[in-house]
Amino acid sequence: MQNEQVLNTTSTDQARFLVEQFWQLMASNDFYSVSAVLSEDFVLEWPQSGERIRGAENFAKMNAEYPAHGPWIFTVHQIVAEHEKLVSDVSITDGVQRARALSFFTVANGKIQKIVEFWPDPFVAPENRRHLVEIMA
Numbered sequence: 018m019q020n021e022q023v024l025n026t027t028s029t030d031q032a033r034f035l036v037e038q039f040w041q042l043m044a045s046n047d048f049y050s051v052s053a054v055l056s057e058d059f060v061l062e063w064p065q066s067g068e069r070i071r072g073a074e075n076f077a078k079m080n081a082e083y084p085a086h087g088p089w090i091f092t093v094h095q096i097v098a099e100h101e102k103l104v105s106d107v108s109i110t111d112g113v114q115r116a117r118a119l120s121f122f123t124v125a126n127g128k129i130q131k132i133v134e135f136w137p138d139p140f141v142a143p144e145n146r147r148h149l150v151e152i153m154a
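Numbering-wise, our numbering comes out as the position in the sequence shown, counting from 1, plus 17.
Since the hints were derived computationally from the structure, they do not count as laboratory data.
Predicted, not measured: the structure shown is a model, and the values here were computed from it.
Careful, some of the hints might be misleading.
The list that follows gives simulated cross-link-like pairs (lysine to any residue, SDA-like), each with its CA atoms no further than 20 Å apart [stated by the list, open to error]:
#1 Lys-131 x Gln-41
#2 Lys-128 x Ser-45
#3 Lys-128 x Gly-72
#4 Lys-131 x Ser-50
#5 Lys-102 x Phe-135
#6 Lys-102 x Ala-142
#7 Lys-131 x Asp-106
Given the sequences, and given the hints that come with them, work out the whole structure.
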């Protein structure tokens, strides 16, 4: 059959729900609970620092051990999804530290298999284009 779905594939809606669950679990600050949505061969890559984290346990430990001034708060601005490939734009704060992460997810067999994540540093807008832009709060 032409329209028959291959077993072990994930629909766009299922994948989006999985990434939404990921961020909800992260917001609980119980980073070990996130393993419920990660595959056994889960990998997180941070190209900016050249680091790779393998496995749900290492992922949880890294997040639990990261120095924080309070509970982490995650604000999901956007999730873009197409089949098993998704991107999220999320702001993160502990009340003192503030960051924004762009995360590229790969979903396979109903679990998050890989995340490639970028943490861009904010910067002050240059004066030479001030007349062309609006400053966002």
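Here is what the structure says about each hint:
1. For the hint linking Lys-131 to Gln-41, the alpha-carbon distance of about 18 Å falls within 20 Å, and the restraint holds.
2. For the suggested pair Lys-128 and Ser-45, the alpha carbons sit about 19 Å apart, so the restraint of at most 20 Å is met.
3. In summary, the hint linking Lys-128 to Gly-72 is supported, as the alpha carbons are separated by about 13 Å, within the 20 Å threshold.
4. Restraint check: the Cα-Cα separation between Lys-131 and Ser-50 comes to about 17 Å, which is no more than 20 Å; the hinted pair holds.
5. Taking the CA atoms of Lys-102 and Phe-135, the gap is near 16 Å; set against the 20 Å cutoff, the hint holds.
6. For the proposed pair Lys-102 and Ala-142, the alpha carbon gap of about 32 Å is over 20 Å, so the pair is violated.
7. In summary, the hint linking Lys-131 to Asp-106 is supported, as the alpha carbons are separated by about 16 Å, within the 20 Å threshold.
When the structure is compared with the earlier hints, a violation turns up for hint 6 alone.
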